[in-house]
Amino acid sequence: MIKFPNIFKFSRTPAIHYYCCKYSSNKDTTPSIVTEEPKELVRKQFDLKDVKASDMQWRTPWHQKEGEYYTALRVFYKEENRTSMLQKLQAPIDLSPSAIKNWWAKQKEKKEIMMQSYIPDRHRILGNELAAAHFIVHRGGSIKFYNEDKWIKANEDNEYVLPRFYEEEKVLQAIDCSDMNLYYEGLVNLRDLRKVEWLSFNGCEHIDDWCLDRISNIFSHSLIYLDLRNCPNITARGIGALYKLQHLKILYLDDFYKSTHYELTCLLLQEVNPDLDVRSDPVTFELS
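Under the working numbering, residues 1 to 288 are what the sequence shown spells out, in order.
Just so you know, the hints here were simulated from the structure itself, not pulled from any lab data.
Careful: at least some of the hints might be erroneous.
Pairwise CB distance ranges, derived in the manner of DEER restraints [to be verified]:
{"id": "1", "residue 1": "100", "residue 2": "249", "range": "45 to 53 Å"}
{"id": "2", "residue 1": "155", "residue 2": "192", "range": "50 to 58 Å"}
{"id": "3", "residue 1": "205", "residue 2": "147", "range": "50 to 58 Å"}
{"id": "4", "residue 1": "263", "residue 2": "163", "range": "42 to 50 Å"}
Each computed DSS-like pair below joins lysine-lysine, with the alpha-carbon atoms no more than 27 Å apart [as the list claims (entries may be wrong)]:
{"id": "5", "residue 1": "88", "residue 2": "110"}
{"id": "6", "residue 1": "144", "residue 2": "106"}
{"id": "7", "residue 1": "153", "residue 2": "110"}
{"id": "8", "residue 1": "249", "residue 2": "195"}
{"id": "9", "residue 1": "106", "residue 2": "88"}
{"id": "10", "residue 1": "150", "residue 2": "108"}
{"id": "11", "residue 1": "88", "residue 2": "52"}
{"id": "12", "residue 1": "150", "residue 2": "195"}
We put the CB at the ideal spot given by N, CA and C, even for glycine.
When you get a sec, could you build the whole thing from the sequences and use the hints?
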């Protein structure tokens with residue numbers, strides 16, 4: 001006979017209590033015959049209509065169950081990124097001179113963008129006016145302060161004379177960024193300038209519509225003159241963002257007749273600001 005400890009006699013589990021009563025060694029106790037299983041042990045019959053997503057949890061992919069791995073490698077599980085990632089991994093390495101040149105150009109661009117990032121310590125030591133002056137002159141531009149007749153620009157050895165500490169009377173009036181390698185990320189260094197009236201981006205190939213939107217927000221209260229010639233990435237959308245320049249009087253563009261949309265945007269800009277004079281370089285036509 002199989003004997004169980006007395007602790008099983010008081011077990012609350014229906015199955016264990018049933019077997020303890022059936023095989024108990026106590027002769028005075030007549031074992032009861034159980035013909036059906038307890039209700040808790042009856043197998044539940046599922047209806048296909050009642051099946052929920054939680055009932056199919058066992059079919060969940062492993063990377064969704066393991067949240068840590070899914071977070072670290074989620075780029076491999078997104079459907080839209082899977083194809084491109086596999087294509088990059090399977091693509092042969094291009095070591096041609098043109099590919100190496102493009103790669104090196106992209107690395108230089110990333111470095112330049114990082115070097116143009118906002119540095120809080122520079123603005124804390126110099127103030128916003130002098131910090132912007134150092135930023136522009138160091139990269140080949142020139143600036144002019146109020147009550148001063150001379151423009152400050154670096155020489156061939158990139159040497160220039162500017163105060164190294166904050167001076168209250170130094171307030172920028174004009175900024176010339178012509179032919180500078182200036183990016184959108186670098187424009188944040190020009191914010192919080194009080195009285196900039198003259199601004200030129202002539203020849204800045206990286207100035208685009210997004211840059212014009214940021215410029216119009218930074219100088220909306222003071223700018224009078226703006227030069228956007230030789231900026232190939234500027235479209236009618238960027239010109240439309242200049243409506244926020246409330247005091248703008250002169251706007252220089254390449255050719256506002258180059259497209260109907262571009263011309264209409266310039267006309268609407270003049271309608272919003274009747275004092276605005278939109279100028280363009282003379283366009284010559286050659287007849288063959």
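Checked hints:
1. 100 with 249: 45 to 53 Å: Holds - the Cβ-Cβ distance for residue 100 and residue 249, about 48 Å, lies within 45 to 53 Å.
2. 155 with 192: 50 to 58 Å: violated, 29 Å
3. 205 with 147: 50 to 58 Å: violated, 34 Å
4. 263 with 163: 42 to 50 Å: holds, 45 Å
5. 88 with 110: holds, 21 Å
6. 144 with 106: This hinted pair is violated, its Cα atoms lying about 33 Å apart.
7. 153 with 110: This hinted pair holds, its Cα atoms lying about 26 Å apart.
8. 249 with 195: Given pair residue 249, residue 195 holds - Cα atoms ~15 Å apart, limit 27 Å.
9. 106 with 88: It holds: about 17 Å lies between the C-alpha atoms, which stays within 27 Å.
10. 150 with 108: Between residue 150 and residue 108 the Cα gap is close to 33 Å, so the pair fails against 27 Å, i.e. violated.
11. 88 with 52: Roughly 39 Å between the alpha carbons, so the hint for residue 88 and residue 52 is violated.
12. 150 with 195: holds, 17 Å
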